[in-house]
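Novice: Spelled out, the chains give:
Protein chains: 2
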Amino acid sequence: MWAGRRVEELPTPTFTVDLDVAKRNAQRMSERCRALGVSLRPHMKTHKTLEGGDLMTGGTRRRIVVSTLAEARFFADGGFDDILYAYPLPFDKVDECAALAERLESFHVLVDSPEALGLLKRRNLSLGKRWKVWLKIDCENGRAGLRHADPAALDLAKAIAEGATELAGIYAHCGNSYHCHGVSEIQSVARATTLSTLAFLNKLQQAGVACPISSIGSTPSCSHPVPEMAKLQEVHPGNYIFYDVQQMMIGSCQLEDVAVRVLTRVIGHYPHRNQLLVDCGWTGLSLHSLGQLPTGYALVEGHPSLKLVGMTQEHGKIEPISGKLDFTKYRLGSLLALIPYHACATAAMHPLYYIHTSGRVVATWKPVRGW
Amino acid sequence: MWAGRRVEELPTPTFTVDLDVAKRNAQRMSERCRALGVSLRPHMKTHKTLEGGDLMTGGTRRRIVVSTLAEARFFADGGFDDILYAYPLPFDKVDECAALAERLESFHVLVDSPEALGLLKRRNLSLGKRWKVWLKIDCENGRAGLRHADPAALDLAKAIAEGATELAGIYAHCGNSYHCHGVSEIQSVARATTLSTLAFLNKLQQAGVACPISSIGSTPSCSHPVPEMAKLQEVHPGNYIFYDVQQMMIGSCQLEDVAVRVLTRVIGHYPHRNQLLVDCGWTGLSLHSLGQLPTGYALVEGHPSLKLVGMTQEHGKIEPISGKLDFTKYRLGSLLALIPYHACATAAMHPLYYIHTSGRVVATWKPVRGW
Chain X
1 MWAGRRVEEL PTPTFTVDLD VAKRNAQRMS ERCRALGVSL RPHMKTHKTL
51 EGGDLMTGGT RRRIVVSTLA EARFFADGGF DDILYAYPLP FDKVDECAAL
101 AERLESFHVL VDSPEALGLL KRRNLSLGKR WKVWLKIDCE NGRAGLRHAD
151 PAALDLAKAI AEGATELAGI YAHCGNSYHC HGVSEIQSVA RATTLSTLAF
201 LNKLQQAGVA CPISSIGSTP SCSHPVPEMA KLQEVHPGNY IFYDVQQMMI
251 GSCQLEDVAV RVLTRVIGHY PHRNQLLVDC GWTGLSLHSL GQLPTGYALV
301 EGHPSLKLVG MTQEHGKIEP ISGKLDFTKY RLGSLLALIP YHACATAAMH
351 PLYYIHTSGR VVATWKPVRG W
Chain S
1 MWAGRRVEEL PTPTFTVDLD VAKRNAQRMS ERCRALGVSL RPHMKTHKTL
51 EGGDLMTGGT RRRIVVSTLA EARFFADGGF DDILYAYPLP FDKVDECAAL
101 AERLESFHVL VDSPEALGLL KRRNLSLGKR WKVWLKIDCE NGRAGLRHAD
151 PAALDLAKAI AEGATELAGI YAHCGNSYHC HGVSEIQSVA RATTLSTLAF
201 LNKLQQAGVA CPISSIGSTP SCSHPVPEMA KLQEVHPGNY IFYDVQQMMI
251 GSCQLEDVAV RVLTRVIGHY PHRNQLLVDC GWTGLSLHSL GQLPTGYALV
301 EGHPSLKLVG MTQEHGKIEP ISGKLDFTKY RLGSLLALIP YHACATAAMH
351 PLYYIHTSGR VVATWKPVRG W
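For the protein sequence lines, the chains are X and S, in the order given.
Position one of the first sequence corresponds to residue 1 (our numbering), numbered consecutively onward.
Position one of the second sequence corresponds to residue 1 (our numbering), numbered consecutively onward.
These aren't lab readings, by the way, just hints derived from the structure by calculation.
A portion of the hints provided could be inaccurate.
Put simply, identical chains are the same to the list, so a pair is met inside one copy or across any two.
Stated by the list, open to error - Cross-link-like lysine to any residue pairs, in silico, SDA-like; alpha carbons within 20 Å at most:
(1) Lys-329 with Ser-113
(2) Lys-121 with Asp-155
(3) Lys-324 with Arg-143
(4) Lys-366 with Leu-352
(5) Lys-324 with Asp-257
(6) Lys-329 with Glu-115
(7) Lys-231 with Arg-191
Chain X with its partners taken away, still in its complex shape (with noise of 0.2 Å):
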């Protein structure tokens, strides 16, 4: 019903989504990878959307990453294939991973342990598949993975390869690029995780275990790929899409390179206090900037001077940086665009996301969620 109208109409709080932003990330990402000559296998957590997808994809629908069995069922319903379930296995979730296994061509699975191993190897597949499993190795990122230089990790590689189920690749998140700052500093975690990542795929090989695919990943690290990187398979961004204030700072992008808004307006003037209220709280933007950038929760595209300064569950706040703030500029019912800190975390406070291009909106999309 919004096809066709200005954003500016739309009802606020609301997740705007710059479609030609997005469709040259996608772009930019690809032809970075094409240059590199790694394959692309895009991750699907940011947007969970079909049409998301499709972007990231150039519309193959295959070879794609997901973080929860939602995603997977619902990009499995959506004609997606070559799927990896890129998450520690969890032991309630074996039959549904092995519906999923029987029902499409590639459904990979990850492991880190050998009694999620021990899981798989019980539970066989139907029509004689086997299951396809990565092991997540952890180069200093230090979350989920084996440390790819502790032997278990190597031990582990090869049950994989052996019965029931095969090696069908190593995956590591270097998630610590999320604490760099500049390109520097990113180029730094990429070559790190791509070598540890070689040097264990270089022990596989001197130990006669075959895998067929290596693969790293995080939208810092393949914004700014090394050319070390070339000698994996795969990277697995997903950030990318829509990026955000937090990928900005962090070196990722640029301002412009953002494609995501949330619109709100303006619904109180408090000029004792300074301040303005406007209809988005955290179920519009979320807290995940924790109000740390000069500019509180968010920037206000346009008003740098403003600062979100605090939101409840449908208010935010919101005062000049310094000095007294000119409220006939920001009259009642007027249109401010927040720029989200984290757009992972603001995509998914919203049941639609409304695609413009040149702020005329042209679809909307709708996110799957749950687990």
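Since the structure of chain X is provided, determine the placement of chain S on it from the hints.
Specialist: Relative to chain X, chain S alone:
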């Protein structure tokens, strides 16, 4: 499909509600209001479900508060009436408010500016109906509302009471009670808010302006009401149906009154960094405690020595507050129950709530979302 099953069998992460505790919370609030001689107009924003609304209204489906128009439509569709949309009238939603005002017996809107009132005055309702308008006053809370002692508040009340609009009530939110520690501080805020509201009503009366309802609210103040509140007509708390760790720390409730949990499973052991991973990240819990609890982002039920130290989108990191973790106590696949810091925020992350009595699932509730 889950009815009759144990909550321990549910796929994780999952949001559970102990129906007996929620019922008891609802009943106690009703009894407290009855004893005080004030009506209860419960706020729906925490749970956003018809079933929760039934509990809080004692099945009457009358006299509720909502904070979004999506909630207003949802509850109206569900047979609720006497709905107060207690939010500074958004300029883009006047037509939708009119539709609800025309359709329901009583749909109330709220204003805190002459501009918003002007919009209502210019939008006639069909059937000769008059807009039922509440004035929002600010009694030292510092969010929306005209300050109770500001002459502009009295002027606006008078203007509401003229012509096509009627002054249906005065509304104050004592959100400043969220900064309290302990019953005495809570009651001090409750008393101050009540006295300011009553003083404003007195001025209204002296000016010859009739106002049938005065209402204040917040879960802390209504959990420990002061005798002065008996002079009000209504109170409008909301969170109390679930309560949470924040309310417990404020002093609104005891731990045993918290009806909600996020169930999560152990998905990884990382002895080298003394941590385990669980399958609940910020999509399942929110970041609302900001990690500031002694136990991090939540309480881990039955494990006071554990701390949820970090969360990413789908992962939570748990470590002991001190000492070495005994991993044999937390085997892979085993279940932990997180007690949320902010139930409103955690509930907002879940498309479905699993309702249980004594650990056995009896129903699922589906909340409304969006705006």
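Novice: Give the relationship of Lys-121 and Asp-155 under a CA distance limit of 20 Å: within one copy only, between copies only, both, or neither.
Specialist: So Lys-121 and Asp-155 pass the 20 Å test inside one copy only (16 Å; across, 75 Å).
Novice: What label fits Lys-324 with Asp-257 when the C-alpha limit is 20 Å: within, between, both, or neither?
Specialist: neither (32 Å within a copy, 45 Å between copies)
Novice: Within, between, both or neither: how does the pair Lys-231, Arg-191 come out at a Cα-Cα threshold of 20 Å?
Specialist: within (11 Å within a copy, 69 Å between copies)
Novice: Cα distance capped at 20 Å. Does Lys-324 pair with Arg-143 within a copy, between copies, both, or neither?
Specialist: Intra 45 Å, inter 18 Å, cutoff 20 Å: inter-copy only.
Novice: Regarding Lys-329 and Glu-115, is the shortest C-alpha distance of 20 Å or less found within a copy, between copies, in both, or in neither?
Specialist: between (61 Å within a copy, 15 Å between copies)
Novice: Up to 20 Å between alpha-carbons, please classify Lys-366 paired with Leu-352: within, between, both or neither.
Specialist: So Lys-366 and Leu-352 pass the 20 Å test inside a copy (5 Å) and across (17 Å) alike.
Novice: With identical chains, the pair Lys-329 and Ser-113 could be close in the same copy or across copies; at 20 Å between alpha carbons, which is it: within, between, both, or neither?
Specialist: between (58 Å within a copy, 17 Å between copies)
Hint 5 alone, counting from the list given before, is not met by this structure.
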